[in-house]
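**Student:** Here's the letter readout for the chains.
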Amino acid sequence: MTKEHGYLDMDLLRFTTAGSVDDGKSTLIGRMLYDSKSIFTDQMEAIEQASKKSGVEAEVNLALLTDGLRSEREQGITIDVAYRYFATPKRKFIIADTPGHIQYTRNMVTGASTANLAIILVDARHGLVEQTARHSFIASLLKIPHIVYCVNKMDLVDYNEDRFEEIKDQLEAFSSKLEVNDIRFIPISALKGDNVVHKSTNMGWYEGSTLMYTLENIHISGDENHIDCRFPVQYVVRPQSTEYHDYRGYAGRVAGGVFKKGDDVVILPSGFTSKIAAIDTFTGEVDQAFAPMSVTLRLDDDIDIGRGDMIVRPNNQPEVSQDVDMMICWMSERPIMANGKYAIKHTSKDARCIVKEIQYKVDINTLHRLEDDKDIKMNDIARIRIRTTSPLFYDRYSRNRVTGSVILIDEATNETVGAGMIVE
Amino acid sequence: MQSYSLTHLKELESESIFVLREVAAQFENPVMLFSGGKDSIVMFHLARKAFFPGKVPFPLLHVDTGHNFPETIDFRDKLMSETGAELIVGSVQQSIDEGKVVEEKGFNASRNALQTVTLLESLEKGKYDAAMGGGRRDEEKARAKERFFSHRDEFGQWDPKNQRPELWNIFNGKKNMGEHFRVFPISNWTEMDVWQYILLENIAIPNLYLSHERMVFERDGVLLADTEYIERRENEIPEMRTVRFRTIGDMTCTGAVESHANDLEKIIEEVSATRVTERGARSDDKRSEAAMEDRKKQGYF
Numbered sequence: 001m002t003k004e005h006g007y008l009d010m011d012l013l014r015f016t017t018a019g020s021v022d023d024g025k026s027t028l029i030g031r032m033l034y035d036s037k038s039i040f041t042d043q044m045e046a047i048e049q050a051s052k053k054s055g056v057e058a059e060v061n062l063a064l065l066t067d068g069l070r071s072e073r074e075q076g077i078t079i080d081v082a083y084r085y086f087a088t089p090k091r092k093f094i095i096a097d098t099p100g101h102i103q104y105t106r107n108m109v110t111g112a113s114t115a116n117l118a119i120i121l122v123d124a125r126h127g128l129v130e131q132t133a134r135h136s137f138i139a140s141l142l143k144i145p146h147i148v149y150c151v152n153k154m155d156l157v158d159y160n161e162d163r164f165e166e167i168k169d170q171l172e173a174f175s176s177k178l179e180v181n182d183i184r185f186i187p188i189s190a191l192k193g194d195n196v197v198h199k200s201t202n203m204g205w206y207e208g209s210t211l212m213y214t215l216e217n218i219h220i221s222g223d224e225n226h227i228d229c230r231f232p233v234q235y236v237v238r239p240q241s242t243e244y245h246d247y248r249g250y251a252g253r254v255a256g257g258v259f260k261k262g263d264d265v266v267i268l269p270s271g272f273t274s275k276i277a278a279i280d281t282f283t284g285e286v287d288q289a290f291a292p293m294s295v296t297l298r299l300d301d302d303i304d305i306g307r308g309d310m311i312v313r314p315n316n317q318p319e320v321s322q323d324v325d326m327m328i329c330w331m332s333e334r335p336i337m338a339n340g341k342y343a344i345k346h347t348s349k350d351a352r353c354i355v356k357e358i359q360y361k362v363d364i365n366t367l368h369r370l371e372d373d374k375d376i377k378m379n380d381i382a383r384i385r386i387r388t389t390s391p392l393f394y395d396r397y398s399r400n401r402v403t404g405s406v407i408l409i410d411e412a413t414n415e416t417v418g419a420g421m422i423v424e
Numbered sequence: 001m002q003s004y005s006l007t008h009l010k011e012l013e014s015e016s017i018f019v020l021r022e023v024a025a026q027f028e029n030p031v032m033l034f035s036g037g038k039d040s041i042v043m044f045h046l047a048r049k050a051f052f053p054g055k056v057p058f059p060l061l062h063v064d065t066g067h068n069f070p071e072t073i074d075f076r077d078k079l080m081s082e083t084g085a086e087l088i089v090g091s092v093q094q095s096i097d098e099g100k101v102v103e104e105k106g107f108n109a110s111r112n113a114l115q116t117v118t119l120l121e122s123l124e125k126g127k128y129d130a131a132m133g134g135g136r137r138d139e140e141k142a143r144a145k146e147r148f149f150s151h152r153d154e155f156g157q158w159d160p161k162n163q164r165p166e167l168w169n170i171f172n173g174k175k176n177m178g179e180h181f182r183v184f185p186i187s188n189w190t191e192m193d194v195w196q197y198i199l200l201e202n203i204a205i206p207n208l209y210l211s212h213e214r215m216v217f218e219r220d221g222v223l224l225a226d227t228e229y230i231e232r233r234e235n236e237i238p239e240m241r242t243v244r245f246r247t248i249g250d251m252t253c254t255g256a257v258e259s260h261a262n263d264l265e266k267i268i269e270e271v272s273a274t275r276v277t278e279r280g281a282r283s284d285d286k287r288s289e290a291a292m293e294d295r296k297k298q299g300y301f
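Protein chains in written order, with the numbering used here: chain A, 1 to 424; chain B, 1 to 301.
Derived from the structure by calculation, the hints contain no laboratory data. Just so you know, not all the hints are guaranteed correct.
[Claimed, not checked] Example chain A residues on the side facing chain B (calculated, C-beta under 7 Å, incomplete):
#1 Y85
#2 I94
#3 N202
#4 Y206
#5 Y235
#6 Y244
#7 S405
#8 E415
C-beta atoms are modelled at their ideal positions from N, C-alpha and C, and glycine is treated no differently.
Could you build all of it, start to finish, from the sequences and the hints given here?
**Tutor:** Pasting the structure below:
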């Protein structure tokens, strides 16, 4: 394979970055882009100009690389989740860069919802602080499979090994309370470039990988669920042309498991059974389809199937219920209404729901359950029970992030007001 | 054990197909914006995949400034007749003739900004409730914060501070009467991804992207095609050079780069070695640091 064709072997890692205001998050992202040579000269010129204009620093401020909108630059803050891209010969990366303060929880939840990995920045001078606990909790709540704690600003603690070990112990003790499978710790200095892309010469005692090496090599193909077959029907393809007169295909994106031609399937909610006659794509039939492939299934039998239905295997079916318990992150300025009615979206299904019970609010800094606090406002996380107008076909969020997630929508404003992760 | 993993291009393709199918399912009257540039060509290719063996279930809309490269128009017409897609053309010239917009004057005159008016008018006329565009988040900093499903008010405006949160792959296309959505199915693609995919899938593109001989002149460090649509200053002398275009837009604001890349492999090599973003040759973005942000708020692509 020629060098130019190396990209055919590349895969995709989506990660999010979390850190409080002065942890150096923008500097870290700027450093990764800069040292991996993903910065273009005209972008460099633009930030050189902007650096001069803001007059804060004499040299080029790498953090400005990630500042987007004019209103953000003027206020020196980031308002919204921004997506950044870079690639190395091994992988393509998508960064969901979330701001450190305003509406923090809402933005981090959004950025974390599609991430395989979270980088959580910790200031070497301060160690584990309240915000670190919050970031870690959100990452575990959203079931991000891999968490990398970057202990930043090691240059300000004289690259001291004992300090790093002390913080690592703190973080390990705390994170044992969270459900995360893969946790790593890297001492870095984003400002000076230690252990970001290049191995630090100031921390000979550190024998682990640099951050970039970790990002390039972490194993992610096991992050998808390849066990429980779930195919939410998204769209029915019926060409009604002379060539494909009786063609009827069910288009969708595999949400879990591996579907093969000839498999027995059952359709929810009708309960009808059939077999997979073919798995179609534009370039022809394929033998199997797994998450997250977009394909079109044809079945042996002519059954009435539409958007919102789900194709599964008879011996492995999801929960089917109108009463669902979930953790919810609230995203609207209007607080959640007990007994309030909302529109709900779950995979390709639309329904309405009523909030039957607010069970407790979570103190996201201490992880304590606040059983008496039912006042759920923007950026709060709570456990609630809802009842839906028609049954949902779902798995626990911890089992499947696609079939275990929902959004709630305010029926008056049409705004997305809640992000729900199904517990049972 | 078998490994169930996708390459980055296949994963991006699958994501985009998912978004396109959501648009067809959630909206009553969607339309796909088509400029004849590589991004909209890739987006249209993905739409053909998404609904195969059915036809693409929405029309394409081209906002024609009247200052397009003739090669772009030829390419567009050929693609439409080959695929049987339905094309609607919104004409900036017509908006000018009807007095709805006033043409810019002077050396840097461009119809780029006027397109917004024609675009919004075409959307209103067709009663489209969703317009898909080939915008990518890596293109420009204002685009980095754009959603896949971007809500627009009844004036077509974008409010970057009041966007709906977009979680997982659950897209909320609910709206009130008169409002519409802009949808960006290839949001997560980079310029490099687009070129690699064009090569991988053997997708036809206008030959403007490949190296060719052309009369050009230099202005503010940008090579512009010598055309009747641009007024040259006295010291701007056109000469024959070997160039190609990295983006294709209106002739008046699309700069060429000197290049000998005459096939896709060479373009990919050039893109991976280049140190200037593709919009670096777009004089429309150079008007101010927040030029794109301002245009997007008003309803630009």
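**Student:** Checked against the structure, which of the hints given earlier come out wrong?
**Tutor:** 3 and 4
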